[in-house]
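**Q** The chain contents come next:
2 protein chains.
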Amino acid sequence: MGTTQLESVPEPKYWHLKTVLTEALDSEFSVGEILPNERDLAARFGVARATLRQALEQLELEGRLQRRRGVGTTVAPPRVGVAVGTEQHTWPGAAQDAWQPVDSAQETPPAAVAAGLETGPDDAVHTVRRSRMSHGQLVATELLYIPADSVPDLTAIDAPSGPARARAVLRELQRLDLEGQDRAVELGSARADDARELDRLPGSPVLVVTTRFFARGGRTAALSVATYRADTCRLTFGDSAGVEIHHDPERQAS
Amino acid sequence: MGTTQLESVPEPKYWHLKTVLTEALDSEFSVGEILPNERDLAARFGVARATLRQALEQLELEGRLQRRRGVGTTVAPPRVGVAVGTEQHTWPGAAQDAWQPVDSAQETPPAAVAAGLETGPDDAVHTVRRSRMSHGQLVATELLYIPADSVPDLTAIDAPSGPARARAVLRELQRLDLEGQDRAVELGSARADDARELDRLPGSPVLVVTTRFFARGGRTAALSVATYRADTCRLTFGDSAGVEIHHDPERQAS
Numbered sequence: 001m002g003t004t005q006l007e008s009v010p011e012p013k014y015w016h017l018k019t020v021l022t023e024a025l026d027s028e029f030s031v032g033e034i035l036p037n038e039r040d041l042a043a044r045f046g047v048a049r050a051t052l053r054q055a056l057e058q059l060e061l062e063g064r065l066q067r068r069r070g071v072g073t074t075v076a077p078p079r080v081g082v083a084v085g086t087e088q089h090t091w092p093g094a095a096q097d098a099w100q101p102v103d104s105a106q107e108t109p110p111a112a113v114a115a116g117l118e119t120g121p122d123d124a125v126h127t128v129r130r131s132r133m134s135h136g137q138l139v140a141t142e143l144l145y146i147p148a149d150s151v152p153d154l155t156a157i158d159a160p161s162g163p164a165r166a167r168a169v170l171r172e173l174q175r176l177d178l179e180g181q182d183r184a185v186e187l188g189s190a191r192a193d194d195a196r197e198l199d200r201l202p203g204s205p206v207l208v209v210t211t212r213f214f215a216r217g218g219r220t221a222a223l224s225v226a227t228y229r230a231d232t233c234r235l236t237f238g239d240s241a242g243v244e245i246h247h248d249p250e251r252q253a254s
Numbered sequence: 001m002g003t004t005q006l007e008s009v010p011e012p013k014y015w016h017l018k019t020v021l022t023e024a025l026d027s028e029f030s031v032g033e034i035l036p037n038e039r040d041l042a043a044r045f046g047v048a049r050a051t052l053r054q055a056l057e058q059l060e061l062e063g064r065l066q067r068r069r070g071v072g073t074t075v076a077p078p079r080v081g082v083a084v085g086t087e088q089h090t091w092p093g094a095a096q097d098a099w100q101p102v103d104s105a106q107e108t109p110p111a112a113v114a115a116g117l118e119t120g121p122d123d124a125v126h127t128v129r130r131s132r133m134s135h136g137q138l139v140a141t142e143l144l145y146i147p148a149d150s151v152p153d154l155t156a157i158d159a160p161s162g163p164a165r166a167r168a169v170l171r172e173l174q175r176l177d178l179e180g181q182d183r184a185v186e187l188g189s190a191r192a193d194d195a196r197e198l199d200r201l202p203g204s205p206v207l208v209v210t211t212r213f214f215a216r217g218g219r220t221a222a223l224s225v226a227t228y229r230a231d232t233c234r235l236t237f238g239d240s241a242g243v244e245i246h247h248d249p250e251r252q253a254s
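Residue numbers (full-length UniProt numbering), protein chains in the order written: chain S, 1 to 254; chain A, 1 to 254.
Careful, some of the hints might be misleading.
Footprint (simulated), chain A over chain S, 3 or more residues, beta carbon under 8 Å [what the hints assert, rightly or not]:
#1 30-43
#2 61-67
#3 93-101
#4 176-188
#5 230-238
Going by beta-carbon spacing under 7 Å, a handful of chain A positions derived as facing chain S [unchecked claim]:
#6 L61
#7 V185
#8 S189
#9 R234
#10 F237
Calculated from the structure, these hints are not laboratory results. A virtual CB, placed ideally from N, CA and C, is assigned to each residue, including glycine.
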């Protein structure tokens, strides 16, 4: 951008290597192809193993490479756009919801969730676990927290757990008037159970989307914590969900 | 959630350590405090240095710890909510825009940006570099790409670069009718120049927000690539921007 101060910053060695590797990925490798091992790659580019590993980590963060235990490092397909925000507000489980109910239970939520729901620290709430597929792949898991007073008539059902109970809880929730919702996206690390479902290693970077659903009067009637694969997903927001940018500008900007 | 399959997955050792460390952070340390060195911490918790390091990396991903060169590992303040999506669509630089113009130039955009803008691969476009402060800290940098035909009357200005040129470009852009916009959020790694501005190490995880601005007829009139610090920011979307969840449910859910 023409500012001398920035131009004088020397880029670290692995950063230059990353650029060279990116060009090699574009020209020599196809999606799904397994990369040569680290020793051969380091020799080819004339760098230390540690430098190579840093560059590979960056390319993994940017979604260009996937590292899988027992397989090795492969060239990743382009990230898939997954619609998260729409201008139309609907309860979870409403028609055309992209999520599939998996299970449901009653448990005491984490302290921060209890604070958000304004329930007591020891109050049990209904939980609904759901998963989301996109392009034939599981891309996200979700834990929905629903206080008992959002679904006051739920006691009548006789499904103790499983998808049937999950659907019953969501059906009851939909009887409330939805006043609005808000969302936050942040970086997180995959918990062991989410990691297993998402086919990632525990602790892998994930995108955590927290959604609050407001009933009449602004009361938080439900809170959703969704964990998206950060390696394969880009979360899309806005009113032209059909249009997608299929490339990653950041990736090619260096 | 009561599914036997998931409960039988043993959590890796560093994951358990992470939980123990989180409790120690909550009870014994205050925000900004420097943690003991790795050797002492590993001894205290009876784990190998490698295990400790993995746990520290997870806590860094989740925004609980910050590692800074020359300072050490400190306890991070809670993440700050930064409003990204609003239901009201406005051009960049409109009233109450949170971004400050820094510089402007003409350059050939990366191939993916050129494709998004439907400009030729060698066409120069106007670029505007901006930065965003929140709570007294620089939280994001942005590069806006604006094709010449979105600002046809710009040639008249005589500011060759700098914030004055940036403001002139944005002023011209605002003369177009804005039909809509969409956004995508994905994981990225900080480029050396962004990293320096954001006070991060090159390659640190960042949240990359790509916004397309549509003029009448659905033409992409401008494209913004914004890089947010992932350690200190949670991106908020929705119609109740004033309300924020100050805790991270994911953090305490394990």
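**Q** Now tell me, hint by hint, if it's right for this structure.
**A** Hints versus structure:
1. Under the rule that three or more residues need a Cβ within less than 8 Å of chain A, the assignment of the stretch 30-43 of chain S is violated, with 0 such residues.
2. For the stretch 61-67 of chain S, the stated coverage by chain A holds: 3 residues have a C-beta nearer than 8 Å to a C-beta of that chain, and at least 3 were required.
3. Counting residues of the stretch 93-101 of chain S whose CB lies closer than 8 Å to any CB of chain A gives 0, so the stated coverage by that chain is violated, three being the minimum.
4. Residues of the stretch 176-188 of chain S with a Cβ under 8 Å from some Cβ of chain A number 9, which satisfies the need for three, so the listed coverage holds.
5. Under the rule that three or more residues need a Cβ within less than 8 Å of chain A, the assignment of the stretch 230-238 of chain S holds, with 8 such residues.
6. With a cut of 7 Å, the hint placing L61/A at the interface with chain S holds, because the nearest CB-to-CB distance is about 4 Å.
7. With a least beta-carbon distance of about 5 Å to chain S, the hint placing V185/A at the interface is held under the 7 Å criterion.
8. The interface hint given for S189/A holds, since its Cβ lies 4 Å from the closest Cβ of chain S, which is under the 7 Å cut-off.
9. Interface restraint check for R234/A: the shortest CB-CB distance to chain S comes to about 4 Å, inside 7 Å, so the restraint holds.
10. Because the smallest distance between the Cβ of F237/A and any Cβ of chain S comes to about 4 Å, under 7 Å, the interface hint for this residue holds.
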